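First to last, the protein sequences are chains F and A. Its first residue numbered 1, the first sequence is counted upward by one per residue in my numbering. Its first residue numbered 1, the second sequence is counted upward by one per residue in my numbering.
Read the hints as simulated data drawn from the structure, not as lab findings. Watch out, some of these pointers could steer you wrong.
What the hints assert, rightly or not - Under the rule of at most 20 Å between Cα atoms (straight-line distance), these lysine to any residue pairs were calculated in the SDA-like manner:
id: 1; chain 1: F; residue 1: K193; chain 2: A; residue 2: R322
id: 2; chain 1: F; residue 1: K193; chain 2: A; residue 2: D60
id: 3; chain 1: F; residue 1: K193; chain 2: A; residue 2: I319
id: 4; chain 1: F; residue 1: K193; chain 2: A; residue 2: L243
id: 5; chain 1: F; residue 1: K193; chain 2: A; residue 2: A21
id: 6; chain 1: F; residue 1: K217; chain 2: F; residue 2: L228
id: 7; chain 1: F; residue 1: K217; chain 2: F; residue 2: E71
id: 8; chain 1: F; residue 1: K193; chain 2: A; residue 2: V225
Because the structure is a prediction, the values reported are computed rather than measured.
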Amino acid sequence: MTIAHTPAVDFGRAVRIVRIAGGRVAERIDLRTAAVCLIVLAFTAVVAVWTLMTGDFPVTPGEVLQALFGEASRRVEMVVVEWRLPRVLLAVVLGAALGMSGAIFQSVTRNPLGSPDVIGFEAGAYTGALCVIILWHGGYYEVATGALAGGILTAVVVYFLAYRQGVQGFRLIVVGIGVGAMLTALNTYLMLKAQLQVAMTAAIWGAGTLNGVGFDKLVPASIAIAGLMLVAVFLARPMRQLEMGDDAAGALGIRPERARLALIFLGIGFTATATAAAGPISFVALAAPQIARRLARSPGVALVPSACLGALLLAVADLAGQRTFAPTQLPVGVVTVSIGGLYFAWLLIREARRK
Amino acid sequence: MAAVADMATDRPAEGERGGLAHSNATRGFWLLVAIGAFVAVVLLSIGVGSRNIPLATVFDGLFHYADTDEHAIIQGLRLPRTVLGILCGIALGLSGALIQALTRNPLADPGILGVNAGATFFMVLGIGLFGFTTLSSLIWFAFAGAVVTTLVVYAIGSSGRGAATPVRLTLAGVAIGAILGGIGTGLTMIDPQTFNAMRHWVGSLASPNYPDIVTILPFWTVGVVLAIAAARPLNAVALGEDLAAALGASLVRTRVIVVVAVTLLAGSTAAIAGPIGFVGLMVPHVARWIVGPDQRWIIAFTIVLAPILLLVSDIVGRIAMRPGELQVGIVTAFVGAPVLILLARRRKASGL
């Protein structure tokens, strides 16, 4: 009989080191994190196929795969590839972008409640979009431009109001909340002045929606996010080092203020792209990094797992938003808030039981 | 944990910690100044509007009522509106001061326990599912929503072993607020009529009537009494949980009193005037800035300063777009946020 053997020494987390190009590029890969990412991505693929199957015109899984490889009938191919595919892909891409932006802001503010909201971005984007929708009755691209302009302007104003010999996390949060509250009040006022139909259009945009998305909207957003992810590869390491505190990070050879500014810009870039494409979808950025952290049991928030979970969350939320009250389509942002809140409450209860 | 670390690392200098006023005499003096400002603002609130009434007529209308147009405006509209403003201001300020002291988080506001989210959600149910339209019948929906939500938040925050800690209360409030907000928004979006009603549910003092005020008055009174009673034990809690217990303050009892008081105060305000933000967040900061960390002084100043902010916002809302009006819920953020940002830019935010 063998006795279960537990090692007396904790060897830490299982890690593999991958070397490319003769060791010039090397990366430590945490096995548990990698496994979690793969499993989450597999779930995302399942949800995506499921979304492609369901709707007013049901399709079998086999037909979905045939359509994706261009071997299905013309009719099935039109429904699956032209109508449903861009929406699913956009949900996955935007979810990943929001997850990463959440991870960046939570790392920079060192606060699990940190999100792009903190810097007032989403309130500003909503103000910009509301102005375009209510005052100029603009179309999709005008609204996207208005949202980008409003959001970025707000973020810049908050950053400079919070700047006093460097930006400190706490002051950034307070200033962001103050500016955000003023803009929210302005948004309420604009909504009150608008006609009912216009106000409802604005409110649906304001909740974040993927309704009526085609390849024409998917392609620019995907290109922008791919570019930002490339930048993120180079900023991932400074982000880790900043988490150790400005002094330690400086000693390790990075300039804290400059790295933080670059990270904030990157996070805003992700959120801005997502907001322009689909409106301010809330809670993915807040919840994805925290869920990923708990699944991977990692000590801090990390970019890649957050991106994977963001993709899964948004894909699930969009499926639920399409099907729950069918044929009425709920804006996906309304669903993410409810699902995220439920998860949060469950997590709190579970943590209490364990203690 | 965090609070303990703060105390150890950056203990502020003696003067900094004490606020602007160093002795009780100066604090008392400033309190008298604030009360003077309060009286002035009350008179302004009665006199200023789409029709301005001179001060002498205001006094006549209050104390020697004769049946003129202006006296009717004063007694029928301006006076109840001002009374409502004073009640709501005190309630919002006190609930903010209590929740900030309990959670020791300077960003906490009464909404954090889910009071506003719950009131809004029950209003949506009342309008969307049961078809109520008059505000008077909806008072009870809003109030019930506030109470039920706080109970759920407290239950989740205190589940498992041990009492509810402030951090878990906060997180539970955020979570429940998000769920209710999401479902509520979803319900309004599938029904344009409900959407339209909720769109107009902005914090406002514009339609006051005495029966509604009398309805909430008992809850308001109990809330204020509990708030004043909680000031001393909250001073002990501010020293840290262990030290508070050693000094004989009951942590659980203090938390329950504070949660009940906040629910009654914020709930009755949300029911009668709608969601008004920022007063509860901001006024306790200003009070702490003036008098330092003693909750008894903070609460005294909050009771005077909060109605000043609310009434000034209401007056601004009345004259900003004459002859139309801006709801006070929209104006408070514009009056309050610049002050908050200025406070945050000071070298040290007033610590808790």
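- [ ] Assess, step by step, whether the Cα of K193 of chain F is no farther than 20 Å from the Cα of L243 of chain A, and give holds or violated.
- [x] The hint is violated at about 53 Å.
Open item on the list: Check the hint pairing K193 of chain F with I319 of chain A against an upper bound of 20 Å on the C-alpha distance.
Closed with: 18 Å, holds
TODO: For the pair we were handed, K193 of chain F and D60 of chain A, check the Cα-Cα distance against 20 Å.
DONE: 38 Å, violated
Open item on the list: Just to be careful, I want the Cα atoms of K217 of chain F and E71 of chain F compared with a cutoff of 20 Å; is the pair within it?
Closed with: Answer violated: K217 of chain F to E71 of chain F is near 25 Å, above 20 Å.
- [ ] Please work out if K193 of chain F and V225 of chain A have their alpha carbons no farther apart than 20 Å.
- [x] Given that 20 Å is the threshold and the Cα spacing comes to 40 Å, the pair is violated.
Task: 20 Å Cα cutoff - pair K193 of chain F, R322 of chain A - done: 15 Å, holds
Task: Given hint L228 of chain F paired with K217 of chain F - CA-CA distance at most 20 Å - done: 17 Å, holds
Open item on the list: Need the status of pair K193 of chain F, A21 of chain A: alpha-carbon distance at most 20 Å?
Closed with: Distance ~45 Å between K193 of chain F and A21 of chain A Cα, so the pair is violated.
Violated hints, in rising order: 2, 4, 5, 7 and 8; the structure is consistent with all others.
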